[in-house]
Amino acid sequence: MTKYILKRIVMSIFVIFLIATATFWLCRAIPGGPFDKEKPLNATTIANLNKKFHLDKPVSEQYVDYMVGVAKFDFGPSYYHINESVNDYIDRCFPVSMTLGVWAMIVATLLGIPAGIVSALKQNGWQDNILKVLTTLFVSLPNFVIASGLMYFLGIKLRLLPVSMWGTWKEMVMPVLALAAYPLSYFTKMMKSSMLEVLNSDYIRTAKAKGASNFIVIYKHALKNALLPIITVMGPMFASIITGSFVVEKLFVIPGLGQEFTKSIFNRDYTMIMGLTIFYSILLIASILIVDVLYAVVDPRIKLGKEGK
Amino acid sequence: MKKLFLAVLSLLMVVSLAACGGSDNNGGNETTGPKVMNCNVGFSPDTFDPQASNVLENAIVTNQIYDYLLRENGKGEFEPALAESYTVSEDGTVYTFTLREGLTFEDGSPLTAADVAFSYERGLDPNNAFDYAYQMYYIKNGAAFNAGECAAEDLGLEVVDDRTLVVTLESPTAYFASLTGFNTFGVVSKAYVEGCETYGVDENSTLASGPFKVAEFVKDQYVKFVKNENYWDAANVKLDEVYMYAVTDSSTEVSMYETDKLDFTFMSMGTADSMRFASEGTLKTWSSLNTRYVMVNHQKEVLQNVNVRKALVLALDRKALAENVVTNSVAAGGWIPAGMAAVDDPTKLFREADFLPESGDVAEAQRLLAEAGYPNGEGFPTTLELVYTTSDANKVLAEAIVEMWRQNLGITVIAQNLEGTVRRDRKNTGDYDFSLDGWSTDYLDPYSFFEVFETGNMYNQANYSNTEYDKCLNTAKNSNDQTVRQQAMTEAEKIWMEDMASLPLYVSTKSYLEKDYVTGVVRSLMGQYDLKWADVNK
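These protein sequence lines map, in sequence, to chains W and G. Just so we're aligned, residue 83 is where the first sequence starts under my numbering, counting upward by one. Just so we're aligned, residue 218 is where the second sequence starts under my numbering, counting upward by one.
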């Protein structure tokens with residue numbers, strides 16, 4: 083197991099190296115640069131800026147400097163945000179996105195899994211029918227619609243919650259719900275189908291035949307196996323949710339990471355694009371690794387590090 | 218057992234939902250004490266450093282913190298601020314400013330002419346690499362110093378005594394006094410800046426010289442200002458506190474306004490919202506000096522024919538574009554926006570009569586196109602593109618324009634959306650035919666519009682060139698006589714229109730909401746906001 087994890091970590095470092103390299107060159111391949119403003123800057127100003135950010139050096143030298151920085155987890159200064167480095171930015175915004183994302187995942191998991199089980203046990207009953215409608219609705223509605231809807235009803239009409247800003251628990255409720263809606267519905271649907279499949283399998287029939295109670299059958303025998311597919315999607319989904327959502331953060335004025343993912347590309351903020359991409363890659367790779375390890379914990383049939391068997 | 222299990226599950230769900238929904242009302246925190254204003258600038262400032270600030274929204278934030286030699290009062294006039302008076306030499310190149318007595322920064326330290334000179338010098342310092350350094354190129358040797366070709370001592374800045382600053386210019390610049398009211402010229406403290414590792418990062422590294430000081434800064438959320446009691450004109454500052462939010466979504470902004478979290482709105486509203494408030498009669502409008510236009514690339518052979526360019530603009534019903542397609546705007550009658558004042562007489566408009574009929578002239582357009590060799594659009598290339606920056610509003614406008622050209626002239630132009638930077642890149646390299654563009658001013662003089670089409674000017678991506686036009690511009694630039702300048706620029710606009718250097722569309726108007734109890738918010742012709750004289754009377 084330890085050997086397997088070590089091997090995976092070494093591989094991950096190589097993957098991150100490839101991602102960093104690809105991002106570096108791709109950034110420079112898109113037309114335009116960080117100092118292309120709507121009102122063009124004059125040559126002197128651009129020269130001064132290039133000098134300040136060492137963009138006057140040959141690209142190969144910039145690449146080496148950058149990779150050395152990445153190895154030290156130093157992503158350099160932002161070209162767009164005066165006074166802020168990419169590291170400062172991540173330090174400031176990631177905890178916010180993380181808090182929001184963790185809450186959204188907790189809501190999605192705590193509600194989605196039980197709802198999926200109910201749906202499976204009461205297949206085609208009224209509970210299932212209601213959940214079917216709701217989950218289909220929330221899987222297909224984009225989160226800006228959900229966010230605007232919440233804002234309109236809870237914020238403006240009922241005046242129960244503040245419509246924006248970040249900090250108090252009241253300000254967190256709507257963004258968490260808006261962000262949780264999709265994974266919640268997705269988990270419900272997935273849990274339902276996975277549960278149904280497990281409930282129809284032979285070992286469940288055996289357990290029932292041996293006289294085990296419904297509770298034991300569901301909780302002890304079925305649930306654990308039915309969770310496997312959920313765990314598979316949960317890892318990557320967790321990584322993407324804790325790195326923020328462009329729409330939810332913009333609508334609710336939340337100082338998270340999500341907006342900058344998109345804005346940095348429009349601004350050609352090379353260091354920010356690269357820093358965030360690498361940061362996200364690390365989270366994603368780590369979460370996939372954790373998922374793989376969890377498999378072995380949940381399903382005794384899976385043995386890590388012993389391929390082919 | 219199964220029922221119990223389900224019951225527990227259902228209960229769990231209900232409880233979680235209730236926990237999410239329930240909360241008490243926290244609205245209506247009315248105060249009778251300090252006067253507080255809540256507003257939004259759609260942007261979280263990257264810096265509180267007036268020289269480093271490089272976008273309008275950031276400049277709106279710094280504008281509240283700093284004062285200038287002259288400050289705009291919202292009527293297009295620059296009134297004495299830190300300077301109580303100034304004199305100009307006969308040849309128009311030497312400005313002598315006299316500062317008010319007893320000026321101080323927020324901490325009570327004295328504000329002297331040396332601080333003003335220092336602020337200008339650091340704005341030009343090549344090591345600082347500030348985007349807006351070019352605003353100070355009017356100062357003698359400003360451009361050379363910024364390019365690293367001479368020392369700071371060579372700049373045309375002379376501190377005579379604590380209250381006297383002499384500024385020598387490269388050449389006579391009739392609007393220089395008003396330029397000192399631009400945010401890049403905000404006055405910072407020499408001693409304080411030199412003592413900071415990085416100036417203007419937050420409330421602990423910023424020192425105000427203007428009406429408000431920074432009290433609290435939460436990046437990407439809000440800036441809290443409080444009144445600067447050490448400001449020379451503090452008696453006229455009515456607000457005690459200002460919260461400036463960084464809401465970037467216009468529907469969120471409207472929601473906050475409707476729930477009384479904002480006293481006025483800043484961003485341009487969605488069509489549905491603006492129609493709703495217009496029908497309620499609460500929508501207010503203001504216009505800064507700007508012209509939206511289609512930039513024409515004069516390097517393209519087919520577009521070099523002046524009759525083609527004239528036909529293209531006359532085929533457009535600009536009134537319909539301004540009022541129905543973009544709404545709340547006014548058809549442009551020429552290149553200079555209608556609100557620009559004459560330079561020789563501020564009570565008169567720069568241009569008395571419009572050049573273009575606001576609804577166009579389709580018959581004349583068709584005649585001109587036929588004269589150019591393309592009767593009914595026959596033989597006109599079908600591969601020309603009108604490029605625009607991706608946005609819903611731009612898309613509708615671009616589609617309307619190409620449709621008017623198709624219907625009225627029988628020509629096909631492709632409306633092509635591009636990401637902003639890609640479009641700018643293609644303009645820089647001349648790889649475009651038509652570009653949906655806009656121009657607004659950085660300083661209150663019509664020259665700021667004319668220079669865009671000067672031969673060799675870096676803004677001239679239309680690649681337009683006319684020696685007569687350049688001659689007029691040269692006169693306007695170097696003369697110190699406003700009557701001469703007015704005549705030269707009137708002539709320049711005539712030439713511009715005869716050549717149809719590009720295709721003017723409309724002057725855009727911003728619509729906003731403002732609570733009845735708000736007074737004195739200055740929205741300037743340059744798009745700047747000033748809360749110095751603002752008040753709330755709840």
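Calculated directly from the structure, the hints in this document are not laboratory data. Heads up, some of the hints might be wrong.
As the list claims (entries may be wrong) - Beyond 10 Å from chain G on every Cβ pair, some chain W residues (computed):
1) Ile91
2) Val92
3) Phe99
4) Leu123
5) Ile164
6) Phe343
To be verified - Pairwise CB distance ranges, derived in the manner of DEER restraints:
7) Asp648(G) x Val141(W): 20 to 28 Å
8) Asp609(G) x Glu120(W): 15 to 23 Å
9) Val613(G) x Ile384(W): 15 to 23 Å
Keep in mind that this is a model prediction, so the values were computed, not measured. Note that CB positions come from ideal geometry on N, CA and C, so glycine has one too.
Exercise. Of all the hints given earlier, name the ones this structure violates by number, lowest first.
Key: 4, 5, 9
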